[in-house]
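*Asks:* The task is simple: from the sequences and hints, build the whole structure.
Residue numbers (our numbering), protein chains in the order written: chain A, 68 to 567; chain B, 68 to 567.
Simulated from the structure, these hints should not be mistaken for lab results.
Incorrect hints may appear among the rest.
The list makes no distinction among identical chains, and a pair is therefore deemed to hold if it is satisfied within one copy or across any two copies.
[As the list claims (entries may be wrong)] Pairs of lysine-lysine, DSS-like flavour, derived with a Cα cap of 30 Å: (1) Lys399 with Lys179; (2) Lys153 with Lys97; (3) Lys313 with Lys253; (4) Lys253 with Lys315; (5) Lys424 with Lys144; (6) Lys399 with Lys144; (7) Lys144 with Lys187; (8) Lys179 with Lys414.
On a predicted model such as this, the values are computed, not experimentally measured, just so you know.
There are 2 protein chains.
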Amino acid sequence: MSTRITIFDTTLRDGEQSPGCSMNPAEKVKLARQIERLGADVIEAGFPIASAGEVDAVKAVAQEIRSAKVAALARAKEADIKAAGKALAGAARPLIHTFLATSAIHLKYKLKVTAEEALKQAVDGVKLARSLAPEVEFSAEDASRTDYAYLLEVLQAVYEAGASVLNVPDTVGYSLPQEYAEMVAKLVRDIPGAIISVHCHNDLGLAVANSLAAVQAGARQVECTINGIGERAGNTALEEVAMALKVKSATLGAVETGIKAELLAPTSAMLAGITGIWPQPNKAIVGRNAFAHEAGIHQHGILANPLCYEIMTPASVGVRETSLVLGKHSGKHAVESRLLALGLAPKAEELEDITAKVKALADQKKFVYDDDLLNLVQHTPEHRTRLIRYQILAGNQVLPTATVEVEVDGQRRTASAVGNGPLDSALEAADKALGLDLELLEMQTRALTGGKDAIAEVIVRVRHEGVESSGQAASPDTIEATLKAYLSAVAVARAALVAA
Amino acid sequence: MSTRITIFDTTLRDGEQSPGCSMNPAEKVKLARQIERLGADVIEAGFPIASAGEVDAVKAVAQEIRSAKVAALARAKEADIKAAGKALAGAARPLIHTFLATSAIHLKYKLKVTAEEALKQAVDGVKLARSLAPEVEFSAEDASRTDYAYLLEVLQAVYEAGASVLNVPDTVGYSLPQEYAEMVAKLVRDIPGAIISVHCHNDLGLAVANSLAAVQAGARQVECTINGIGERAGNTALEEVAMALKVKSATLGAVETGIKAELLAPTSAMLAGITGIWPQPNKAIVGRNAFAHEAGIHQHGILANPLCYEIMTPASVGVRETSLVLGKHSGKHAVESRLLALGLAPKAEELEDITAKVKALADQKKFVYDDDLLNLVQHTPEHRTRLIRYQILAGNQVLPTATVEVEVDGQRRTASAVGNGPLDSALEAADKALGLDLELLEMQTRALTGGKDAIAEVIVRVRHEGVESSGQAASPDTIEATLKAYLSAVAVARAALVAA
Chain A
68 MSTRITIFDT TLRDGEQSPG CSMNPAEKVK LARQIERLGA DVIEAGFPIA SAGEVDAVKA
128 VAQEIRSAKV AALARAKEAD IKAAGKALAG AARPLIHTFL ATSAIHLKYK LKVTAEEALK
188 QAVDGVKLAR SLAPEVEFSA EDASRTDYAY LLEVLQAVYE AGASVLNVPD TVGYSLPQEY
248 AEMVAKLVRD IPGAIISVHC HNDLGLAVAN SLAAVQAGAR QVECTINGIG ERAGNTALEE
308 VAMALKVKSA TLGAVETGIK AELLAPTSAM LAGITGIWPQ PNKAIVGRNA FAHEAGIHQH
368 GILANPLCYE IMTPASVGVR ETSLVLGKHS GKHAVESRLL ALGLAPKAEE LEDITAKVKA
428 LADQKKFVYD DDLLNLVQHT PEHRTRLIRY QILAGNQVLP TATVEVEVDG QRRTASAVGN
488 GPLDSALEAA DKALGLDLEL LEMQTRALTG GKDAIAEVIV RVRHEGVESS GQAASPDTIE
548 ATLKAYLSAV AVARAALVAA
Chain B
68 MSTRITIFDT TLRDGEQSPG CSMNPAEKVK LARQIERLGA DVIEAGFPIA SAGEVDAVKA
128 VAQEIRSAKV AALARAKEAD IKAAGKALAG AARPLIHTFL ATSAIHLKYK LKVTAEEALK
188 QAVDGVKLAR SLAPEVEFSA EDASRTDYAY LLEVLQAVYE AGASVLNVPD TVGYSLPQEY
248 AEMVAKLVRD IPGAIISVHC HNDLGLAVAN SLAAVQAGAR QVECTINGIG ERAGNTALEE
308 VAMALKVKSA TLGAVETGIK AELLAPTSAM LAGITGIWPQ PNKAIVGRNA FAHEAGIHQH
368 GILANPLCYE IMTPASVGVR ETSLVLGKHS GKHAVESRLL ALGLAPKAEE LEDITAKVKA
428 LADQKKFVYD DDLLNLVQHT PEHRTRLIRY QILAGNQVLP TATVEVEVDG QRRTASAVGN
488 GPLDSALEAA DKALGLDLEL LEMQTRALTG GKDAIAEVIV RVRHEGVESS GQAASPDTIE
548 ATLKAYLSAV AVARAALVAA
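*Replies:* Written as structure tokens, this is what we have:
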């Protein structure tokens, strides 16, 4: 019989406090629905006292979410708790999450109260919260820097006052796993019946390790965020802790969560799409390269047996096609897989030759894009989609207008369009020339070199008749790079439709 | 008396195997110099057998680096080891790093050899390496999934054959800290005299935790990379493990490293500049937000006493001015600090009013940029630098040409320029109109909304007369956003020069 660990998602609250991650009520509702589908047990929707917009957001999430619990944050103050209770009025399963700092440094410098006053404030807060909601969680802010005797006294008192979940945040991200686990083990022993919850920050890169050590020590709830967003270095990443609990379940004490792993990558992408902040390529589980093997040795091992290097499959966490840019470490397999995606099936002897050319080109110019790859291959113009030329007139006092000429299956077609900016007009013109209705899902740009005339690399992901595909290109002209990447993605989608 | 932990940096080898992170010899030398200044003890420069370019890179690094050791990787094969020895010929302190997988799954599926054959191959490899270099490290690839008795047998044998450093990689990133530490503790006990080294991957977000647990168990060398780059989810991040070892030195057994913490952020930025891959904003230690506090509560705590929320200061890891975009969580302090940077010193009563306006605007449009902020403030046109209008003609068969009109200190100036692409021509025209010679250090773009007509947010960092500054702006027109961000950065630099 497995022990169920509660996943408390605070992407919409602690995550949203991350600079650049603000969300409006509609965005919070969209993401909350996805987090509920993902299988989180509790969704913390916001901090109602903060602003009128926060109240609206929490209300909207509370009304929408029916199976997961919806939590709202409140300091242990009457106004905060009443605002939280009010915002949660429409929730099917409301939970008020109230907190107060307990460490000596916070009591002295931030709250300017005595330990006795703080204890009373915490208990009064929990009692008020319990009168407004069936379930209350109390967080002892900066718990990991709090004297244990005092921490126990406060948590014991709020537990008796009606808080069923006792959360002990590592607020400054300062704990080591064994230190944090020791505190949790003592609380589990000293307050039987309470659910001990953990909330870690990643300032030293230890948030996941601290959460896992706490679960082994008896914690039964983990607070976390999608992509690990949150103030400073962020919170425990939901996708990492959920997969670690799954993959290492036996060692961690036969634990399980309700997370549907195959929804991790889509949920990560939805958050990134809303905030515009994408996880770095090597972010565990959800980064673009999390399952990418460029080195020849590893590719060979993977082909021999995926277990040589992969502890979980990309599909198990919902990762679909990844658009690997080819480089000097790329082997035959990587070259073949990109050619197949582009709708070309090279023969074995051709492949050797193309791979050698790719490596030589990569030594010269670092990366080999779809465009370069197609130039290395003898291929028929069928199913080919490429940019011939483009021109653009833009400015903040003219109507941005672009003309694009493309070649599709051997035919040249031209179209012009007006847009909101130079890029928008160029992509609209490309759509018109192609005669297709394409949805742009994602676009990422990076500078490959320094300075104002840097070479831009653009990766785009599009949806065409239900097929998602990606393409990449590079140019000192960002608009040209974007158009080429866009047309590559279209070529891949069309090849997939022909194959299907 | 502290125990010195050796930092083995493999940014140029394992890090470089990360898709998109390839470096040419000149880039490797530039970064190696910086990593030596940073205080790494060993710099792994590459894998000479991989390609002619790799040989050149390792040779160039070996000739340049005088105080740190320079390592080259080689499978336990004659050709590999000879290539490594040759590439290291010019090194002051060469080290050959040879490896062979030891786990049953790798022996069976990848190497297709028996345990006895692998043992012999490892010993022969180390002997050959020892004949070519004064110091040899042996790595048992996939050590954490290797049967302990066999692992010990191999490591004991290669130690006796002359490998002084025995590295036990968690190749698939599958270990939990306690499991990994247990293996390390047994090896420390069973092979007295050897230096046990650890090399972790971050597939479950545990690379730093595993490395620290291993150090507590007696490991004396940690292998890591700047920004944690590396295949899949990457390697142990140097900056995280170095700061954890420093901040938690006492708990971890009075350990120390030679890392100069104040060079961590500049080294991270140099790598990002070379590869074009920037750490995500909430990356621990070196992310743009690692020290950013947006929520009002935290800002209040920080002002009361930085120890409330910060376990290390931004300056201690070399972080300079950060350009925080203002949002609904931003308080008075954040608004004031950006206004001061822009050269405006608001009075206390004005500040209250401006902050309220910022919050109201942020509820409407999420983010408040320099441009918006200046519009909220009554300010004299002195020291003001802003975009009036611009127009551009570009395409891949025309000469990209831009005309820009700016207002500088109340005067309007216009200039035109030709560039490599629309963006380059726009920035060149802005420089001409300003009459300044500016260096563009960094430019990051993200889409704030979805679709082809997404609003682009641009953050740029420039250097002007030795002063580095940053600016930000947003627009559906990427070129307009870039010009506005660029001019904001210029305004900040000019304000700093006036103040100095």
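*Asks:* Would you mind marking each hint as holding or not holding in the structure?
*Replies:* Hint check:
no.	hint	result
1	Lys399 with Lys179	between (66 Å within a copy, 21 Å between copies)
2	Lys153 with Lys97	within (22 Å within a copy, 59 Å between copies)
3	Lys313 with Lys253	both (25 Å within a copy, 27 Å between copies)
4	Lys253 with Lys315	both (24 Å within a copy, 22 Å between copies)
5	Lys424 with Lys144	between (68 Å within a copy, 26 Å between copies)
6	Lys399 with Lys144	between (64 Å within a copy, 22 Å between copies)
7	Lys144 with Lys187	within (11 Å within a copy, 70 Å between copies)
8	Lys179 with Lys414	between (75 Å within a copy, 27 Å between copies)
The structure shown violates none of the earlier numbered hints.
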